[in-house]
Amino acid sequence: MSAQIEIKLSSLEEMFAEPAADPFDPDSRYLSGIDEVVGQLRLKWRELDETTRLLIRLPQTAVTANTAATLKAALDRYGAAQIAQNQQAIEELRVGSHRETLSAIVIVTVLIILTILLVNLIPELEQVSGALAGFVGIAVWVIF
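The numbering of the sequence shown is our numbering, which starts it at 3 and goes up by one.
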């Protein structure tokens with residue numbers, strides 16, 4: 003059985019426009035139609051399949067011969083824009099994480115080399131080398 007999402011709009015513009023909510027009007031909207039659809043999709047994610055239907059109820063005066071085509075094109079553009087935005091955010095995270103990982107590797111390498119050099123160059127540090135190794139271990143843990 004396929005899932006169905008149903009929303010009721012007063013006009014086609016309510017699909018994407020943020021409504022001017024009126025708490026005194028029992029039919030007032032508090033979310034745009036697309037926000038309502040996204041909310042229902044998040045609730046029904048287990049029921050979703052390729053045949054999930056979106057049913058949009060409009061008053062007869064808001065329906066024209068090309069309403070369905072206009073709305074489908076708008077939803078396609080909105081979906082494409084959201085996908086592009088999400089792909090950009092993913093790429094930004096990927097690039098940022100690579101940069102941070104490389105920085106952390108450089109810092110850890112420098113800390114280890116400094117520790118080895120200090121212990122080898124200053125014989126008195128041999129007595130506290132365990133504490134120094136512990137400090138480097140904690141620093142590495144904090145960095146990662």
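Don't read these hints as lab results, they were simulated from the structure.
Note that the coordinates shown come from a computational prediction; the quantities given were computed from them, not determined experimentally.
Honestly, I wouldn't trust all of these hints.
Said to hold, decoys possible - Below 30 Å or equal to it, Euclidean Cα-Cα: the simulated DSS-like pairs (lysine-lysine) are:
no., residue 1, residue 2
1, K74, K10
2, K10, K46
3, K46, K74
Claimed, not checked - Label-pair ranges, simulated between beta-carbon atoms:
no., residue 1, residue 2, range
4, E128, R44, 57 to 63 Å
5, V110, L56, 47 to 53 Å
6, G41, A133, 21 to 27 Å
Ideal Cβ positions, reconstructed from N, Cα and C, are used throughout, including at glycine.
Hint check:
Using a Cα cut-off of 30 Å, the hinted pair K74 and K10 holds, with the two alpha carbons roughly 16 Å apart. In summary, the hint linking K10 to K46 is supported, as the alpha carbons are separated by about 18 Å, within the 30 Å threshold. A hinted pair counts as satisfied when its Cα atoms are at most 30 Å apart, and K46 with K74 qualifies at roughly 21 Å. Separated by about 60 Å at the C-beta atoms, E128 and R44 satisfy the suggested range of 57 to 63 Å.
In this structure the supplied range 47 to 53 Å holds for V110 paired with L56, their Cβ-Cβ distance being about 51 Å. Taken as a hint, the range 21 to 27 Å is violated for the pair G41 and A133, whose Cβ atoms sit roughly 55 Å apart.
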